[in-house]
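Engineer: From first to last, the protein sequence lines stand for chains W and P.
Every letter in the first sequence is one number past the one before it in my numbering, and letter 66, counting from 1, is 66.
Every letter in the second sequence is one number past the one before it in my numbering, and letter 36, counting from 1, is 36.
Each hint should be verified, as a subset may be incorrect.
One-sided excerpt, in silico: chain P residues whose CB lies under 7 Å from chain W [unchecked claim]:
(1) Thr15
(2) Gly16
(3) Asp38
(4) Gly42
(5) Leu43
(6) Phe90
(7) Phe104
(8) Gly107
By construction, these hints were calculated from the structure, which means they are not laboratory data.
For every residue, glycine included, the Cβ atom is placed at its ideal position computed from N, Cα and C.
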Amino acid sequence: QKEVEQNSGPLSVPEGAIASLNCTYSDRGSQSFFWYRQYSGKSPELIMFIYSNGDKEDGRFTAQLNKASQYVSLLIRDSQPSDSATYLCAAHLNTDKLIFGTGTRLQVFP
Amino acid sequence: EAQVTQNPRYLITVTGKKLTVTCSQNMNHEYMSWYRQDPGLGLRQIYYSMNVEVTDKGDVPEGYKVSRKEKRNFPLILESPSPNQTSLYFCASSPGTGGYEQYFGPGTRLTVT
């Protein structure tokens, strides 16, 4: 089992809709979680991080964490074509490493 | 401007010819790391450093070397590159471990023929 798993997609949503991106992790000891956005050929860019169970909102983005289910999600409200990118979920395990999932490709069509 | 820089951005080389990819950060970060990114495999950590003169292997260290003689610099060395090291490489830095976010450089696209 991979340590951090994501559906590779593509996830296609119409402009203005809510995009829901999901991530599961295997290590119950994981303490902190990150969502990065990566445009093709570019470097990952941090969108949000979350440490506590529940929701964390920042503008159009909401991160959700459920440690009991080992599940992290990212909701993007009012999706725009410029949100089309690959979204990487990452988890800090009980080590010095940040483990990345393979990413979910999001396509927002007009 | 706070940033992580990498050089070169693009490199085409031949098998066996030693090369170095430089990485520098101006944020006074303790932690630096190198990743490679390949289609379908995601970001995989090569080496990381928690401070000057402290380095450790990540998940795919074979064929790579690193050094951390100064806090701001963390070069990646390929002593004898092979075609399976053709990849997109990212350097990243972080204020520390244990939950801090990482900031990525722009990437180096390496092709080994």
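Engineer: Which numbered conditions among the earlier hints are violated in the structure presented, ordered from lowest to highest?
Structural biologist: 1, 2 and 3
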